[in-house]
Amino acid sequence: MKKILSGNLFFTLILIALLALVPYIAPPFYVYLTLTSLAYIPVVIGFNILFGYTGLLSFGHGLFLALGMYTTAFLMRNYTMENLEVLILASALSAFIVGLGVGYICVKYTRIYFALLTLAFGMVFYTLLIKFTPITGGDEGLRITFKPLLLGLDFRYLPHLDFLFQPYYYYVLGIVIILTVLAYIIVSSHFGLSLKAIKENSEKAEALGINIKRFRLYSFVISAIYTSIGGALLAHITSHVTPIFSYWTTSGEIVFMTLLGGFTNFFGPIIGVFVYTLLRDFIMSTIIYWRILFGAALLLIIIFVPGGISEGLIRIYKHFKGA
Amino acid sequence: MALLEPSTITILVLTGIFSSSIIFLISAGLQIVFGIQRILNLTVGSFYAIGAYVGITFINFFLKMGFSVVYGLLFLILAGLSLSFLGPTIERGVLNFVYKKEEAFQLLATFGLVLIFEDMIKLIWGSYPQISDFGILTYGEFRFLDTSFPVYYFLVIISAFLIAFLLEFFIKKTRQGKKMRSVADDIEMSEGLGVKVRNIYILSFTIGTVLGTLAGALIIPVTAAVLGMGIEAIVLAFAVVVIAGLGSMRGALLASLIVGLLQAFITFIFPELTTFVIYLIVIAVLLIKPTGLMGKEI
Amino acid sequence: MGLLEVLEVTKYYGDFKALDNVDLKINRDERISIIGPNGAGKTTLLNLISGLLKPTRGKIILEGKNITNMSPSERCKLGIVKSFQIPSYFPNLTTLDNLKVALISSLGKSKNFLKSYQQDEEINNLSERALEVFGLYERRNFLAKDLPHGDKKLLDVASAFALRPKLILLDEPTSGVSIKEKRDLMGTIMSALKEMEISSLILVEHDMDIVFNYSSRVVVLHNGKILDDSSPELVKANKEVASVMFGS
Ligand SMILES: Nc1ncnc2c1ncn2[C@@H]1O[C@H](COP(=O)(O)OP(=O)(O)OP(=O)(O)O)[C@@H](O)[C@H]1O
Ligand SMILES: [Mg+2]
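Protein chains in written order, with the working numbering: chain A, 1 to 323; chain B, 1 to 298; chain C, 1 to 248.
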């Protein structure tokens with residue numbers, strides 16, 4: 001037990017060190033992709049708390065991604081709010097409120113009905129974003145025209161990319177590490193075990209005194225907050241927020257990243273984010289027909305390795321250890 | 001504010017019923033597969049898109065060959081039917097492998113197929129909208145009060161009703177249809193009674209496919225075939241089946257009418273709110289009666 | 001003193017009447033067995049008491065409190081817990097973690113978001129003790145789905161016991177295991193009852209030897225109605241019961 005833990009810790013530290021080095025060793029384009037991936041980590045972790053740990057497939061998580069992005073853009077434009085910490089907290093707060101409302105309704109259902117209901121909410125939000133042009137900028141979305149203060153520090157003198165690749169990169173890395181550790185603590189907690197129990201057998205969980213609806217709602221809200229914070233981080237990277245982030249194809253992408261990396265493992269979705277972001281850009285720039293590849297990959301994963309890359313790696317590892 | 005004059009209302013009602021018939025075909029495709037296989041088959045949107053593209057290719061080809069435009073409707077129906085081979089191919093090639101998986105994975109597998117078809121269409125037909133040489137007024141116009149409608153609308157509405165009727169007849173009266181119902185009710189029992197579930201699965205999926213491709217082929221005199229039309233269609237059809245109740249055919253008929261008419265009227269009054277209103281209704285239905293207007297108990 | 005009262009309870013499934021105006025009073029420290037042929041309504045009655053089902057008519061009272069409309073989890077907190085006829089457990093959790101879920105819930109710790117459940121000594125000790133009582137300790141790291149059938153039943157019962165309920169409902173805890181194993185299983189359960197100080201029990205069981213050995217009172221259900229309700233000796237002597245139960 002201890003050995004596994006320290007093994008995990010060891011790899012995690014190496015990974016963090018590598019990520020910290022990326023701005024120095026990688027070409028700018030890859031720094032950009034890595035940064036984007038980092039921002040997506042809270043998104044998939046949040047999604048997977050709901051899917052992998054609670055057993056609820058949301059097909060509308062784009063809603064919360066867009067919520068974080070729009071909250072950020074809106075506050076910056078209309079209230080010239082500059083502190084990134086405040087923006088992140090505001091995104092978390094809006095996700096808390098919206099997540100509580102939407103979640104309250106959605107967790108009345110499970111399985112396919114839950115998936116459909118979340119999809120419907122995502123679509124409603126999407127049309128709201130398009131329609132309420134005065135607030136949301138409609139089809140065009142909103143542009144973020146200035147840089148936020150990081151921990152109160154002003155980096156506005158830096159050119160945009162230098163800002164992104166240096167101070168902002170490390171800021172995001174720091175936040176993501178904190179959020180990941182926190183999520184790990186949550187899923188390993190008493191609460192986390194209770195969630196797994198609900199996923200495995202909700203009838204038994206209820207018979208053991210767990211209030212399954214309430215717990216599903218907690219999980220939903222935590223999930224929404226994580227995803228929304230991811231959106232808040234992403235907004236400064238894209239500097240342009242558009243309704244597409246709430247469209248069901250974006251929600252589908254979130255599902256895809258998670259499955260690709262493996263929803264059965266805590267770190268699986270994180271692997272999925274990096275592989276997806278890097279591959280998508282590589283593939284999209286070389287092949288126009290990348291959807292065929294992704295569709296096929298999705299099918300192959302579902303049919304042959306439902307646990308995704310992380311399960312594949314574990315299988316390979318066991319194979320060689322056994323041989 | 002544009003007032004709803006009687007003539008406007010008639011136009012809206014008629015175009016509404018026309019889109020209802022197309023929406024009905026697509027959602028019937030969803031329903032039949034859900035009823036039998038218990039899979040929400042998002043691919044039906046792609047079948048709709050493929051039906052439209054192939055329909056255009058078909059009809060343009062025949063018109064170039066010198067066939068009279070009068071046979072247009074026939075060619076379109078032919079185009080839709082000719083795509084039935086997609087049914088067994090996809091069912092055996094893909095769905096067959098996910099029947100035993102969790103619901104979430106089944107849904108995602110059909111999502112994967114949607115992605116694949118989206119690009120196949122792009123690969124074959126390119127990114128530009130495709131237009132048919134078969135004009136909507138080929139069959140003339142029908143005058144009513146002080147407005148006029150293409151006769152083609154009526155033909156499609158009639159075809160959709162005919163198909164609905166044939167489906168009902170097939171499911172209720174024929175041997176194959178009875179087997180289908182027994183599989184929908186209780187797979188193990190039907191297997192015990194000697195029904196080959198495999199064949200029923202192929203059959204129902206193929207019917208679902210053809211309903212989609214037919215809908216796509218029939219719409220092309222009215223609109224161009226564009227990328228993403230499959231996804232738009234599935235979003236609407238999905239709304240219909242939720243309102244209808246998953247698996248219910250009659251519910252789909254009723255809900256298609258509701259959605260089609262609403263779409264026509266809202267598009268006229270508040271153009272951008274259409275999807276919004278339809279999805280609000282979806283949410284309301286799920287909240288008030290999660291099994292839909294005519295669904296069975298969960 | 002009265003612990004639980006089932007008052008004029010009727011339950012329909014669609015048009016089918018599974019329970020018909022059933023009245024039942026259970027006192028503290030009683031060990032009741034419910035017997036009856038297949039389909040008599042035994043599982044239905046237990047599900048109504050545990051809250052998995054709601055009665056069509058009638059009331060269920062626990063210690064003077066009307067609990068008819070409470071959810072299973074609320075009743076569980078008040079001290080009614082049920083094990084399932086078809087063993088119910090968390091298939092992809094280990095045997096040990098299965099028990100921990102129950103303990104965490106019963107100790108009111110399930111809203112602990114930040115504390116690692118693995119490092120909770122109280123939970124660790126209690127769950128290991130409970131597994132020892134049920135003879136499952138050796139297999140504590142097996143996934144529940146990999147346990148043999150008899151152990152799955154024990155695990156289900158063990159997780160119910162772990163909640164230390166006031167009243168435990170056991171639905172055929174020995175069904176599906178061999179006759180020989182049945183006795184062992186029942187012995188284990190009975191010694192666990194004593195060990196864990198659970199005194200009130202409703203047992204649904206088909207094996208008459210077990211019924212007559214282990215209960216202080218026997219209730220006979222037939223076609224959704226109570227046919228007899230008295231001591232094991234009197235029920236044994238009741239001709240009507242014999243004909244219903246054994247068709248003789
Ligand atoms: N969910 C349900 N829907 C419809 N009918 C049901 C349902 N559950 C049980 N029944 C019917 O109600 C009757 C009583 O069922 P119940 O499970 O309570 O019987 P039981 O006494 O536990 O039988 P067994 O000894 O086989 O476990 C049976 O006829 C059964 O078919
Ligand atoms: Mg029973």
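Please note that a few of the clues may not be correct.
Once the Cα atoms are required to be at most 30 Å apart in a straight line, the calculated BS3-like pairs of lysine-lysine come out as [claimed, not checked]: (1) B:Lys289 x A:Lys318; (2) B:Lys289 x C:Lys109; (3) A:Lys108 x A:Lys131.
Distance windows between CB atoms, simulated [said to hold, decoys possible]: (4) B:Lys178 x C:Asp15: 21 to 29 Å; (5) A:Pro159 x C:Lys115: 44 to 52 Å; (6) A:Val181 x C:Met190: 43 to 51 Å.
Honestly, the hints are just simulated from the structure, not real lab data.
Cβ atoms here follow ideal geometry from the backbone N, Cα and C, with glycine treated the same way.
Here is how each hint holds up against the structure:
Distance hint between Lys289 of chain B and Lys318 of chain A is unfulfilled; the C-alpha atoms sit about 49 Å from each other, more than 30 Å. Between Lys289 of chain B and Lys109 of chain C the CA atoms are separated by roughly 35 Å; this puts the pair beyond 30 Å, and the hint is violated. In summary, the hint linking Lys108 of chain A to Lys131 of chain A is supported, as the alpha carbons are separated by about 29 Å, within the 30 Å threshold. Checked against the given bound of 21 to 29 Å, the beta carbons of Lys178 of chain B and Asp15 of chain C, roughly 24 Å apart, stay inside it.
Checked against the hint of 44 to 52 Å, the pair Pro159 of chain A and Lys115 of chain C passes, with Cβ atoms roughly 46 Å apart. For the pair Val181 of chain A and Met190 of chain C, the supplied restraint of 43 to 51 Å holds, since their beta-carbon distance comes to about 47 Å.
Hints 1 and 2 from the list above are not met by this structure, while the remaining hints are.
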